[in-house]
Structure formats: structure tokens, C-alpha cells
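Novice: Knowing the structure of chain A, use the given hints to seat chain B on it.
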Amino acid sequence: MDRIDVREAPLDVAAEYAAVQQANTADGACAMFVGSVRDFNAGSAVGGLALEHYPGMTEKSLRAIVADARGRWPLGRVNLVHRVGPMQVNDEIVFVGVTSPHRQAAFAACQYIMDRLKTEAPFWKRETVRRACGAEEERWVEARASDQAELEKWG
Amino acid sequence: MIKVLFFARLRQQLGMGELRLEDFSGTVRSLCAVLCEKYPQWREHLDDDAIRVAVNQELADSDAAVAAGDEVAFFPPVTGG
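Going down the list, the sequences are from chains A and B. Position 48 (the first sequence) corresponds to 1110 in my numbering; numbering is contiguous. Position 29 (the second sequence) corresponds to 41 in my numbering; numbering is contiguous.
If we strip away everything but chain B, and leave its shape as in the complex, we get:
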């Protein structure tokens, strides 16, 4: 099982902050494709070059591997400081 998190504007656009996915193994890109297939209305928000991804709480790119036990977070560009 993997844990998927969404933050800030993206969380509001998707109407969900967290979900769990059974039996997934692949990359960030293929995870994104699975999510967009499951929730087609997410595609316009999730499939966007501006969206950042972290795997196990470290910034990652779309080729990063994702396997059971991982935590993957999707979020808009950060605006702290």
C-alpha cells in the first residue's frame, strides 16, 4: 500500500487531502496516470508541470520509483518565508 498526500490549493481543487492505494508499483508518472484514470476530473489539476512531488518527504521528479510503503505528496510551488 502507498500513501498519497495533497496540499494547499491542489488539496482544495481535488477535494481530498489523503488517499491510500493498494498494490501499486511504478514511478511518480505512472502513479499520476493511475490517479487521473480513477478520478478523471483531477487531470487538469494534477497533470500540470507546475505541480511538485515528494517521495518519502524528499523532492522527486516524475521518473522517481514508487513502491509499497512509500509516501508520495503532490503540491503546488511553495510560498513560505
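Same shape as in the complex, but just chain A:
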């Protein structure tokens, strides 16, 4: 059972965990990942960010990633929530919750889903940075080569 949600509303991690575990008596393991907005990136203080996405493709892309994870591991529930629009520092951006009978599959699938999402799902971050002089400016966040390298380990 998959729940994929792309939305502007804030993310409630406790509610998302509760949704994953609701009446789930088959799985003994749940692995979760939560990504949030940092206050520092690429040498600058970050005051907030806005996430742009490709509405027609985003959910389709996330569904395909989750389907591939299911092809690799025996998974019970998968809950994947990603925020778009304006966000503040410390806000949660993404939640992935995965259940399985045993922990190895849950850990691996959670990491796999994030590694694929980071390199394939059509989201782009634009952050507001604060200069030492107090001035603010906006810039697009650069993709990291290390994210591509992480993906390659899955073959």
C-alpha cells in the first residue's frame, strides 16, 4: 500500500508515522527518513527556501521510484511525502516511511528511495541567502555530484 503526497502544507512527522503503522500487524520493521531545511549551505547562511516542481511529472516519478523499490525488497507500507512552495529553516521537506517484515529491507528501501528521488524527481530548490552585510539574495541550489555517486551503488 503506497501513499504518495506532494503538497504545500507543512509536514507532520508523527502523523505520517502513524499512517504508516495504522493497523499494520504484518511488518516488524519500519525505517524512516526525514529531510529538513538547513540554515547553512555552500558557505552561506540560509534564511529559507522555495521548492519548484513539475506538477505533471512529480507524482509519476515518485510512483515509479516506489514501484522499483517494491521490485527489489518485500515491502509492506510505503509513505512518501514531499513539500513544495515556500519553506522556513528547520521545516521538514521530505518524509519517507517504509515497512517490511525485517529491518534490512526497510533500511535499504528507504535509502534507495531517497537516492533515486535526489537524482530523478523533478524538484528544484531556490534558497534565500544572507550576506555578511545583511543583504539577502536568492540563488538556485546546485546539484551535488555525490548524489549521483550514491545512486550508482544500487547498480
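Hints were generated in silico from the structure; no laboratory data involved. Quick reminder that beta carbons are idealized off the backbone N, C-alpha and C, glycines included. Each hint should be verified, as a subset may be incorrect.
Restraint ranges, calculated between C-beta atoms of paired labels, are given here [as the list claims (entries may be wrong)]:
(1) B:E30 x A:R1201: 21 to 29 Å
(2) A:Q1210 x B:N68: 21 to 29 Å
(3) A:H1164 x B:D35: 53 to 61 Å
(4) A:D1074 x B:E49: 46 to 54 Å
(5) A:R1134 x B:K50: 42 to 50 Å
(6) B:A45 x A:E1198: 34 to 42 Å
(7) B:E30 x A:Q1210: 34 to 42 Å
Taking lysine to any residue and the SDA-like style, the derived pairs with C-alpha atoms no more than 20 Å apart in a straight line are [said to hold, decoys possible]:
(8) A:K1122 x B:L17
(9) B:K15 x A:A1211
(10) A:K1122 x B:P89
(11) A:K1122 x B:D73
(12) A:K1122 x B:K15
(13) A:K1122 x A:R1134
(14) A:K1122 x B:D59
(15) A:K1122 x B:V67
(16) A:K1122 x B:E83
Specialist: Structure of chain B alone, referenced to chain A:
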């Protein structure tokens, strides 16, 4: 007619988010060439190995076929999560 979309930094660099093209049939590569001919100032941004392409909302390479009714999107490397 095909629908062409641009996102994020690329959309800002080109100063356009969407356009429609009549009577096009070819590949992503030939579409890119047509666009760069029509808007020469786009070449430095669009004709770049880092730019990703999706055809009908699925990632595609430059050899992918493009025909009437298709939606083609060009965008920079993604930075979600």
C-alpha cells in the same frame, strides 16, 4: 503541435516557461536545434550536457522521438529531498 516546458534556473535564463511548436517531428536533439535556431540567445543555456529532458513526463535522452501531441520538458539537474 508539441508543448515545450522549461523549469527552474533554465526557465529564468530563457525568460520563458512554456511554448508551443507547430508541425514538429523528430528527436529531442533536433527539437533543441530548432529552438536554438529560433532563439539564438538560448544556445548557451539549452545546448548544455547538464540539462535534463523529459518526454511525456518521463526522463529521456537526446535520441528520444518527439511527435505531435508530445510534451517535452527541459530542466537543470534536480535538487529535491
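Novice: Please go over all the hints and tell whether each is borne out by the structure.
Specialist: Here is what the structure says about each hint:
Judged by the Cβ atoms, the range 21 to 29 Å given for E30 of chain B and R1201 of chain A holds: they are separated by roughly 24 Å. Judged by the Cβ atoms, the range 21 to 29 Å given for Q1210 of chain A and N68 of chain B holds: they are separated by roughly 24 Å. Checked against the given bound of 53 to 61 Å, the beta carbons of H1164 of chain A and D35 of chain B, roughly 56 Å apart, stay inside it. Against the hinted window of 46 to 54 Å, the Cβ-Cβ separation of D1074 of chain A and E49 of chain B comes to about 50 Å, which satisfies the hint.
The supplied range of 42 to 50 Å is met by R1134 of chain A and K50 of chain B, whose beta-carbon atoms lie about 44 Å from each other. Our hint of 34 to 42 Å for A45 of chain B and E1198 of chain A holds, since their Cβ atoms are close to 39 Å apart. Checked against the hint of 34 to 42 Å, the pair E30 of chain B and Q1210 of chain A fails, with Cβ atoms roughly 28 Å apart. With a CA separation close to 17 Å, the supplied pair K1122 of chain A and L17 of chain B stays within the 20 Å bound.
At roughly 33 Å between alpha-carbon atoms, K15 of chain B and A1211 of chain A are farther apart than 20 Å, so this suggested pair is violated. Of the pairs offered as hints, the one joining K1122 of chain A and P89 of chain B holds, with about 18 Å between alpha carbons and a cut-off of 20 Å not exceeded. Note on K1122 of chain A and D73 of chain B: the hinted pairing holds, with a Cα-Cα distance of about 18 Å set against a maximum of 20 Å. Of the supplied pair hints, the one linking K1122 of chain A and K15 of chain B holds, its CA atoms being roughly 18 Å apart against a limit of 20 Å.
As the CA atoms of K1122 of chain A and R1134 of chain A are separated by approximately 19 Å, the hinted pair is consistent with the 20 Å bound. Of the pairs offered as hints, the one joining K1122 of chain A and D59 of chain B is violated, with about 26 Å between alpha carbons and a cut-off of 20 Å exceeded. Distance restraint check for K1122 of chain A and V67 of chain B: the Cα-Cα separation of roughly 13 Å lies within the 20 Å cut-off, and the hinted pair is therefore satisfied. For the hint pairing K1122 of chain A with E83 of chain B, the CA-to-CA distance comes to about 14 Å; that is within 20 Å, so the pair holds.
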